[in-house]
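Asker: If you want the building blocks of each chain, they are given just below.
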Amino acid sequence: MSQTATQVPPAAQAPPAAAGRTPAGALGQLADIAIRSLGPIVLALIAGGFLLLALGVNPLDFYGNVLNGALEEGAWQDTIMRMAPLLLIAVGLIVVFRAGIWNLGIDGQFLLAAAVVAGLGPSLADALPQWLALTLLFLIAAGVASAWTIVPALLRAYYGVNEIITSLLMSFIGIDLANILIKGPFQDFSSNVPQTSILDFGKMLPSIPTTRIHVGILVAGAAAVAVWFVMGRTAYGLRLRVLGANARAASHMGLNVRGLIISSFMVSGALIGVAAATEILGIWGYVRADWNPAFGLLVVPLVFLARFNALAVIPFVFLLAVLTIGGDFATQQAGLSNEFTLVLVGLILLFMSITELLGRRRELGQSYLPAWWRRRGSS
Amino acid sequence: MDLLTNDFFTALIAGGILAGMPLLFASLGEMVSERAGVLNIGLEGMMLFGAYAGFVAAYYGGSSWLGFLAGAAAGAATSLVMVVLCVRWGLDQIVVGIAITLAAEGITALIFDAEFAQTRPTLGNVDRVSIPGLSRIPVVGGGDSSNGSLFSQPLIVYLTIVLVVGLGWVLRRTHIGLNLRAAGDKPGALDAAGVSVVATRSWAVLFAGAMAGLGGAYLSVVAAGLFEAFITQGRGFIAIVLAMLARGRPLWAVIGSFLFGISLSISDALQIAGIDVSTDVVFMLPFVAVIVVLVLFGRRAYLPPALGLPYVRGAR
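As you go down the protein sequences, you meet chains A and B in turn. Each residue of the first sequence is one higher than the one before, counting from 1 in our numbering. Each residue of the second sequence is one higher than the one before, counting from 1 in our numbering.
Because the hints were derived from the structure by calculation, they are not lab data. The structure presented is a predicted model; accordingly, all values stated were derived computationally and were not measured. Watch out, some of these pointers could steer you wrong.
[What the hints assert, rightly or not] Label-pair restraints from in silico Cβ distances: (1) A:Q77 <-> B:D7: 51 to 61 Å; (2) A:V42 <-> B:E228: 24 to 34 Å; (3) A:P209 <-> B:A229: 40 to 50 Å; (4) B:V170 <-> A:N192: 33 to 43 Å; (5) B:S63 <-> A:L311: 29 to 39 Å; (6) B:G194 <-> A:N246: 54 to 64 Å; (7) B:E115 <-> A:L30: 42 to 52 Å; (8) A:I35 <-> B:S196: 41 to 51 Å.
[As the list claims (entries may be wrong)] Here are the simulated EDC-like pairs of lysine to aspartate or glutamate, each with C-alpha atoms no more than 20 Å apart in a straight line: (9) A:K183 <-> B:D276; (10) A:K183 <-> A:D328; (11) A:K203 <-> A:D126; (12) A:K203 <-> A:D188; (13) A:K183 <-> B:D280.
[Unchecked claim] Some chain B residues well away from chain A (every beta-carbon gap over 12 Å; in silico): (14) L39; (15) G106; (16) V170; (17) S196; (18) Q233; (19) V241.
No residue lacks a Cβ here, since even glycine has one placed at the ideal position from N, Cα and C.
My request is simple: use the sequences and hints to build the entire structure.
Answerer: Here's what the structure looks like:
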């Protein structure tokens with residue numbers, strides 16, 4: 001038996017959302033979905049509140065500042081713009097996670113694509129008409145990030161080497177390589193700090209009329225719809241889902257498992273590269289050395305909360321955008337370092353796993369109470 | 001240019017040991033937990049908590065041993081989350097592992113910032129034990145060098161040799177080792193033999209947590225002498241790879257950790273030799289090395305068949 005068949009990440013086998021088993025009908029189902037997706041977030045906010053209290057910060061003020069900082073006059077446009085890369089990364093992850101494959105090298109793929117786009121952007125924008133230059137840059141970003149997934153994909157497909165580890169390693173290499181590029185061939189020596197040349201504002205992604213919001217969010221929305229359609233309505237999507245549900249069954253069915261692993265890996269890389277392109281061509285126009293927004297592991301839980309559904313992930317992406325944009329403001333006000341968002345996302349993941357377990361027990365007709373507790377109660 | 005001087009080699013060996021020890025502790029722990037079928041992706045987080053606890057204990061307690069103890073305790077305490085959620089309740093090990101790492105990164109950075117942001121204290125040097133006679137050999141002796149060498153190291157390094165030999169014996173020659181292997185290879189068989197899979201895996205994960213915490217503490221107390229946010233810089237993930245490549249043999253973990261330690265610290269040695277290389281290139285080297293090793297020897301990276309899968313009694 002090939003090793004690929006035995007190494008299915010169990011999360012990929014997670015049962016589909018409330019598959020009509022709850023007796024209370026549609027309303028019960030809705031409540032179930034709401035509890036399972038919002039419950040972990042609420043619990044994480046409460047637990048995070050206790051941590052804030054321990055650090056001497058009023059949690060209510062803090063969370064109020066998060067909302068103010070993210071949704072106030074003007075700030076909401078930043079929040080919407082932040083959604084563009086996050087959503088693209090999320091749908092990119094949905095493609096691989098659905099196939100039962102873990103692409104955790106997000107940050108390396110993202111930064112490498114960002115560095116290449118920022119490095120080539122100014123000269124391409126000078127030489128070509130704007131629409132052509134931007135299209136080309138998007139393609140380059142997609143190509144670079146997708147190329148960065150090839151090594152983990154091949155190692156997984158042919159040797160069965162665990163892709164979590166290899167993609168993480170490639171991520172570290174990608175981050176360093178991006179820095180080498182920015183401090184080397186792409187450096188703009190007229191600037192004091194190592195960074196790439198700045199792309200003229202007029203040559204960047206155009207804004208949606210009457211706002212500052214660049215059209216990247218439309219690209220992200222289109223990608224979400226496309227991924228939703230491909231995963232749910234096409235033969236390719238079905239193949240990926242079969243692979244994710246049971247790799248052994250997939251190979252018995254005669255599916256080209258290796259091809260599916262490699263292609264889904266590369267598609268996810270391409271979408272992550274597009275995410276980097278929207279961030280660079282839409283907001284920054286350049287990359288500074290050691291810049292790393294580290295979106296990668298932050299987006300992972302959203303994909304699970306949305307149960308690998310490319311449209312359902314949108315509200316969660318909005319929430320994360322609020323947390324990151326507003327969190328910067330709130331931590332500044334409270335005099336904390338801005339790593340608090342990491343704590344919240346980590347807690348969301350933990351509570352999500354626990355809620356998932358309880359939900360599964362309930363579906364199987366068990367009590368929400370853990371076994372040891374019930375045993376104690378009955379004896 | 002005089003690259004191959006005695007000073008260069010001494011610095012290389014000393015740096016390799018200094019940077020390799022945290023990797024060795026963590027990868028020995030991960031090796032045991034992987035053998036038992038639990039992929040501990042939270043290793044990085046456990047190292048971070050261990051590093052912070054070790055630093056605080058060594059700073060206030062004034063003893064490096066207190067730091068090691070606190071680090072191991074903090075790592076084991078963190079791994080309790082994994083024991084309960086993954087081993088007892090059968091939740092996804094990778095999701096929980098990522099959660100532990102993220103939370104540890106955030107929490108240690110926050111608490112350190114709140115406690116020590118103004119003062120940023122550092123610890124003094126840890127006392128080294130020079131082995132009489134041997135420490136006077138040039139290059140490997142290191143009795144007179146500032147960072148020591150093979151025969152002039154903190155006591156815990158020598159104790160680790162005992163640990164490595166002992167662990168190798170336990171894994172290979174005892175019932176405990178057999179149970180651990182069975183828990184990862186065929187948990188159903190272990191259960192049928194009347195040994196609790198959950199208990200075996202729980203002890204393995206606790207051991208991994210304690211070792212990762214100890215590795216973190218060594219990093220902050222001995223190697224760096226300070227704590228800073230994200231101090232582990234992905235070492236937990238390197239340790240996971242080392243454990244996978246070592247395939248349950250502690251000696252291979254020692255060799256791997258030492259080689260990685262060298263590539264993590266080679267920039268210092270090169271500076272002594274008068275060569276200045278970009279830190280980006282240097283940080284990249286160990287990861288490139290692993291990828292090359294995996295591409296070349298990828299087929300040999302053995303993983304237990306039941307790795308990452310929760311054990312449910314009676315499930316098929």
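Asker: Now tell me, hint by hint, if it's right for this structure.
Answerer: Each hint, compared with the structure:
1. A:Q77 <-> B:D7: 51 to 61 Å: holds, 58 Å
2. A:V42 <-> B:E228: 24 to 34 Å: At 33 Å between Cβs, range holds.
3. A:P209 <-> B:A229: 40 to 50 Å: Holds, at about 42 Å.
4. B:V170 <-> A:N192: 33 to 43 Å: violated, 57 Å
5. B:S63 <-> A:L311: 29 to 39 Å: At roughly 57 Å between Cβ atoms, L311 of chain A and S63 of chain B fall outside 29 to 39 Å, so the hint is violated.
6. B:G194 <-> A:N246: 54 to 64 Å: This hint is violated: roughly 31 Å between Cβ atoms.
7. B:E115 <-> A:L30: 42 to 52 Å: holds, 45 Å
8. A:I35 <-> B:S196: 41 to 51 Å: violated, 33 Å
9. A:K183 <-> B:D276: holds, 15 Å
10. A:K183 <-> A:D328: violated, 27 Å
11. A:K203 <-> A:D126: holds, 9 Å
12. A:K203 <-> A:D188: holds, 18 Å
13. A:K183 <-> B:D280: Answer holds: K183 of chain A to D280 of chain B is near 10 Å, not above 20 Å.
14. L39: Violated, because the least Cβ-Cβ distance between L39 of chain B and chain A comes to about 8 Å, which does not exceed 12 Å.
15. G106: violated, 3 Å
16. V170: Nearest chain A Cβ is 25 Å from V170 of chain B, so the label holds.
17. S196: holds, 14 Å
18. Q233: violated, 9 Å
19. V241: violated, 5 Å
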